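Keeping their order, the protein sequence lines are chains A and B.
For any residue, its number in the working numbering is found by taking its place in the first sequence, counting from 1, and adding 61.
For any residue, its number in the working numbering is found by taking its place in the second sequence, counting from 1, and adding 149.
Don't read these hints as lab results, they were simulated from the structure.
Just to be clear, a hint being listed does not mean it is correct.
Heads up, simulated DSS-like pairs for lysine-lysine below, C-alpha to C-alpha not over 30 Å straight-line [stated by the list, open to error]:
(1) K123(A) - K285(B)
(2) K285(B) - K236(A)
(3) K359(B) - K176(B)
The model shown is predicted, which means the values in this text are computed figures rather than measured ones.
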Amino acid sequence: MNDLFFSFIPGDSILHRLDPRTKILGLMLASMFILKVSSFTGMSLLVFVFLSLVATCKIPLKHFFRSIRPMLIFFSLIFFMQLFFTEGQVIFQYRIISASHEGLVLGTVLTLRFVFLLLFAVLLTSTTSPSKITAGIERLLRPLPLRYAGISSHDLAMMMSLSLYFVPLLYDSFKVLRDSQLSRGLDVKKSPLRAIFSLSVPLVSTSLRAVEDVSLAMESRCYRGSGRTSVHSIGYGPMDHIAIIIYLFLLFYYIVF
Amino acid sequence: MISIQNVSYSYNGHIPALHSVSVEIYKGEFVAIIGGNGSGKSTLLRHINGLLLPSAGSVTIKGMDTKDISSVFNIRQIAGMVFQDPGSQFIGMTVGEDIAFGPENLGLPPKEIRRRVESSLSAVGMAGYNDHTPGKLSGGQKQKVALASVLAMEPEVILFDEVTSMLDPDSRMDILSLIKQLHENGTTVVYVTHCLDELVHADRLIIMEKGHITHDGDPRLLISRGDVMNSGLGLPPIMELSRRLLNAGFFEPGCFPLSREELRDVLCQLK
Ligand SMILES: Nc1ncnc2c1ncn2[C@@H]1O[C@H](COP(=O)(O)OP(=O)(O)OP(=O)(O)O)[C@@H](O)[C@H]1O
Ligand SMILES: [Mg+2]
Numbered sequence: 062m063n064d065l066f067f068s069f070i071p072g073d074s075i076l077h078r079l080d081p082r083t084k085i086l087g088l089m090l091a092s093m094f095i096l097k098v099s100s101f102t103g104m105s106l107l108v109f110v111f112l113s114l115v116a117t118c119k120i121p122l123k124h125f126f127r128s129i130r131p132m133l134i135f136f137s138l139i140f141f142m143q144l145f146f147t148e149g150q151v152i153f154q155y156r157i158i159s160a161s162h163e164g165l166v167l168g169t170v171l172t173l174r175f176v177f178l179l180l181f182a183v184l185l186t187s188t189t190s191p192s193k194i195t196a197g198i199e200r201l202l203r204p205l206p207l208r209y210a211g212i213s214s215h216d217l218a219m220m221m222s223l224s225l226y227f228v229p230l231l232y233d234s235f236k237v238l239r240d241s242q243l244s245r246g247l248d249v250k251k252s253p254l255r256a257i258f259s260l261s262v263p264l265v266s267t268s269l270r271a272v273e274d275v276s277l278a279m280e281s282r283c284y285r286g287s288g289r290t291s292v293h294s295i296g297y298g299p300m301d302h303i304a305i306i307i308y309l310f311l312l313f314y315y316i317v318f
Numbered sequence: 150m151i152s153i154q155n156v157s158y159s160y161n162g163h164i165p166a167l168h169s170v171s172v173e174i175y176k177g178e179f180v181a182i183i184g185g186n187g188s189g190k191s192t193l194l195r196h197i198n199g200l201l202l203p204s205a206g207s208v209t210i211k212g213m214d215t216k217d218i219s220s221v222f223n224i225r226q227i228a229g230m231v232f233q234d235p236g237s238q239f240i241g242m243t244v245g246e247d248i249a250f251g252p253e254n255l256g257l258p259p260k261e262i263r264r265r266v267e268s269s270l271s272a273v274g275m276a277g278y279n280d281h282t283p284g285k286l287s288g289g290q291k292q293k294v295a296l297a298s299v300l301a302m303e304p305e306v307i308l309f310d311e312v313t314s315m316l317d318p319d320s321r322m323d324i325l326s327l328i329k330q331l332h333e334n335g336t337t338v339v340y341v342t343h344c345l346d347e348l349v350h351a352d353r354l355i356i357m358e359k360g361h362i363t364h365d366g367d368p369r370l371l372i373s374r375g376d377v378m379n380s381g382l383g384l385p386p387i388m389e390l391s392r393r394l395l396n397a398g399f400f401e402p403g404c405f406p407l408s409r410e411e412l413r414d415v416l417c418q419l420k
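Excised from the complex, chain A in its bound form (with noise of 0.2 Å):
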């Protein structure tokens, strides 16, 4: 389950040494482009940019589609429910159910963008450790007044990186109860209501009492929500000044056309 959230490949390549904010803006910049773009020509142009920088940073294709898969049933109903339901020149008939040229286009290009999020979101996180992408965005954080809301940069970026820990242990834990409760007779299908609580329930109780467990051992480690320093020495070097550079150009370009 680990793998499928936080699959960071560690490496030694252009994209594993550029600092995390390089990499977090340019995901942001990323996104803006992909949702602008529904030409052909456009999406030809991104899945350039994604394969040559998958090509730099040395992970196997492979591992950016098994990413993909579990939200393949995400993505066929976003495609689907555009098909079917956009008006238009019909291509496809059967009983009331019809499919239009107009759908398929729409239905092909939303689809498209999503799996473009998520694939350059899957090329942050699987070149990035999580605790980077952690000290990253609190650096980013830092300008904002954040401490008029009484909260600091590193305990919002704790409280992110906190939250997506708990999602694998959370997980965990409702395989754990299923399992026991399935064991004690517990039959889904006949009594699906039922079900439902009889999981919903100890699964809150567990996942307070575990993040009890994780407060007290913040606590005992000193946890602080200023005066951290983080293991990363997170600095910008030669390559992350052009990239910012080339950023720029984009964020021209994005905004003049």
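For this one, chain A is given, so just place chain B with the ligands on it according to the hints.
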């Protein structure tokens, strides 16, 4: 080093978990605390590094009061704690990051943090595990990592709360010998357990019952006198055998053997 004075504590409104407990722990000691379930061992331990604050009485470490907000940070650096459940005390996604968490909080420079991560990992015999996911390690390895993350803060006292209770016998021996080694290198150890076999390395034993300290002294003496059994904890077979041999006059209470090896040595000397 650690001074606990008339400490009482009750979890919000329940019956008190500690009744006016007083105890001094000195530098370099290996103190074992035993007692049945719910006797207040964890509660007492959590007072030592300020995770809990006494309802009455006071706890001081090297002269710093745990109630003093400004010294809590220093107290927790001096007294580290390893918890019972190997699964739920990790904060990092990787072993290296988890161990770095403490030093990061201390505000150390990145280079020093990395040095401490390396040295504490190799101290527990897990060098090279930096990029592993803590969740995927075995129970014993998890506890070693948990110990390493405490070591990375370079504490003077380490508090252990039933750290071996979820481990198999082999991992238990591993962890125990690591702790013994730490003690030999000068770390003060407070070791909570309800396993009497683990007392071999302790030079002082505190027995707790219903929120009171009922006995405090030399483990060999306390066990040979049978004080332990009165507290509702059964003796392991080896100690039971030793006790019967003692009662039959085979040896003095002062050299009461606590393990199979010790018993063998004592018996061999008899000849
Ligand atoms: N979080 C809590 N909230 C309320 N009561 C608690 C809490 N933790 C412990 N207690 C109560 O305080 C008393 C002492 O508990 P404590 O955990 O210190 O015992 P223990 O000696 O560590 O036991 P064990 O061997 O089971 O770990 C018990 O009666 C327990 O029910
Ligand atoms: Mg306990």
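Here's how the hints hold up against the structure:
1. Distance check on the hinted pair: K123(A) and K285(B) sit about 23 Å apart at the alpha-carbon level, within 30 Å; holds.
2. For the hint linking K285(B) to K236(A), the alpha-carbon distance of about 15 Å falls within 30 Å, and the restraint holds.
3. Taken as a hint, the K359(B) and K176(B) pair is honoured in the structure, with Cα atoms around 27 Å apart against an allowance of 30 Å.
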